[in-house]
Structure formats: C-alpha cells, structure tokens
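For what it's worth, the numbering used here labels the leading residue of the sequence shown as 10, then goes sequentially.
Be aware that a few hints might be false.
[Claimed, not checked] What follows is a set of in silico ranges between Cβ atoms, one per label pair, in the way DEER data are often shown:
1. I329 x A160: 17 to 27 Å
2. I227 x E122: 18 to 28 Å
3. I143 x E122: 28 to 38 Å
4. D204 x S97: 43 to 53 Å
5. G314 x P107: 32 to 42 Å
6. I227 x G314: 22 to 32 Å
7. E164 x I227: 21 to 31 Å
[Claimed, not checked] The list that follows gives simulated cross-link-like pairs (lysine-lysine, DSSO-like), each with its CA atoms no further than 27 Å apart:
8. K277 x K89
9. K146 x K102
10. K335 x K86
11. K81 x K341
12. K322 x K277
13. K89 x K322
14. K88 x K64
15. K277 x K88
16. K37 x K88
17. K322 x K238
18. K64 x K89
19. K238 x K343
20. K86 x K37
21. K88 x K322
Hints in this document: simulated from the structure, not taken from any laboratory. Model, not experiment: these values are computed from the prediction. All C-beta atoms, glycine included, are put in the ideal place defined by N, C-alpha and C.
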Amino acid sequence: MWPFDAKHTQLVGLDISSTAVKLLELSKGSGRSGANYRVESYGVEPLPANAMVEKNIADVDAVGQAVRNVVKRANAKSKKAVVAVSGSAVITKVITMPAALSEQEMESQIELEADQYIPYPLDEVNIDFEVLGISDKNPELVEVLLAASRAENVEDRVAALDIAGLVAEVVDVEAYALERACTQLYDSWPEQGEDQTVAVVDIGAVTTTLNVLHNRRIIYTREQNFGGKQLTEEIQRRYGLSLEEAGMAKRQGGLPDNYIPEVLDPFKEAMAMQVSRSLQFFFSASTYNRVDQVVLAGGSSSIPGIDDLVEEKLGVGTSIANPFAKMSVSSKVKPQALSNDAPALMIACGLALRSFG
C-alpha cells in the first residue's frame, strides 16, 4: 500500500499536518491550456490541540473527525485517498541490485536483506521500493530506492481515514509529494529547474522544512523547529487573546496599529533569518555553495512582503509557491480562498497528483 504502488484512479490528497488537515481533489481534462488539471474540491480543517505530536498522530479519533469534517465541507467525491508520513518518520536508502531481477525477485531479495538497512525489527516496519534506473557505475545494476517507516505511522493514518469513511489507497512520503507538486512550478524557475539548484522552504505552524532540488530532484531535506505558531503565540501574549482568537486575528486583521512594526515585522525578520540559517546548514553539509532560486511554501509564506524580504537578505530570486497558477477551478471552489491557501497546499497537491501516475 505504500508508497510507490498508486493505481491510476481518482484520489483525494490529504495532508495531515501538525495543526490542520488539508484536502485537495484534482481532475485532468483534455483541454489545451496549462497541464489541464482542474481543482475539483479543497478544504482546510484545523486540528484540536495535541491531536498531533511532532507530526505523529496522538489522537486518531480527533484526526479522523477532522478528516470527516473537511471531506464533508469540501464535498469531495472520491472515497479513495492518499496521505503521507513526514520525512523524519521515514528511512530512505538507495541500494544497487542486479538489473536482470524481476520485480518479484527484487522484493524477495529486499525482504531477505532489509535488516542491513533498517534499524528497527522488520515486523515493526512497512517497506516499499522503487527502481530509479540503471546505475551510472555498472550497466548490469539498477539503483533502487528503499523506503521504510514504522508500521504505527502508517496504521494511524489509515485508521484516521477509516473513521472518515475513506480508504487509504497510498501512503506516500511528504518529500516525494512536495517534489511532485514542484512540477507545477517549473515555469517560474530559472531554466525551468533544469541543471538548477532550487530551495523550497516550507514554513508551517511549528516546523520549517528545507527541501533542496537539483535538476528537479530532491537532494537534501532538513527540518527545524520554527513556524507560524510563534507569531500566533506572540499575538496571544501581547494582546491578551486566546490562542484561537489570536489565530483568527492573524488571518483576518483588526489588530492594533503597533502590530505590524512591533510584532509582524520582527517575525518576518526571524523568518528570513531562518531561511538563511537553513541554507547555511545545506551548504556546510554538501558541495554546493549557492542556490539559483528560493521558493517559499507553507502557511507562513502568505504573509505579505516576505518574499521581497528574503530576496533582499539572501540576494537570490524568491517566489511564493502557487501550484494552481495554471489550473482551472470548479464552480464550488472559491478562487481567492484557494489562492490565499495555495502555499500551504503544496503537499496536498503533490498527493492529489498521484491520481495521474
């Protein structure tokens, strides 16, 4: 069931993040514009506090109820879904195997040898693999991507979907979903990403994830504890609001005049510093010393002007992710709301794209 065996069927993409469930359903037409994708339904449902702990499901019933709510509100049609586990919950390794082996023979050999690569008892993990292609070093070998996650990470997501009346058709990995969503951004990248190094910085509620792509493939991922919840908590503390009120004020406005210079601007500076620091980690851990483009994703990247600030600080072209820029939209989706939420829907978009291979 995970993560590489998607059937070509209509799937609902469900991104279960630390603070919300994001749903996206796409269809593919035969028109001539763009990639011919259409957004059929989408929705965002906040999760109760403590339903998730460090991207692991702590309360399956609460998450299942949130999934049920967002499916109902979005009026999603398909009952088959694809979800993802976070990179920190997944072990991946590229191994080489004889090219002459059939897929079944590979599966048998991987089962025999998996304990060399996986630091958990094999009865506690879910394993899958995908053949990447012929090895550069030896044409008689193929490179195989092995992915493993503790079974409970997968089972909890499957159980939450089951509560909502959905079938988990595929359990993917967040980084691969993000890489797939980036196919919808290539037109806005230098050289459309070919032979380029692009940093995609996803600034969520509690975690900032840097994914660096070279030649359109992820070559580096790192998570850090920083996110929009810090801004919400500062609003809460500064203006004596509940966490819920602070979150609403952050999105809808109406805060005192000193909010922008004393609260929002320092947070934007902290965000820019976080992006810079994340890239420094990448440079020190690799042979790269520059990137050609920075793409900001996640809910916090919709703060006005953050792209200009990051571009100014780093001296690198910076854009805000919108995977729907060339997609059409069904009549039941509000285009402005979708546009506002677009940077936070990258993983949900990558998951929904599994419907098309």
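(request) State the violated hints by number, sorted upward, taking the hints as numbered earlier in the document. (result) 1, 3, 4, 5, 8, 13, 15 and 21
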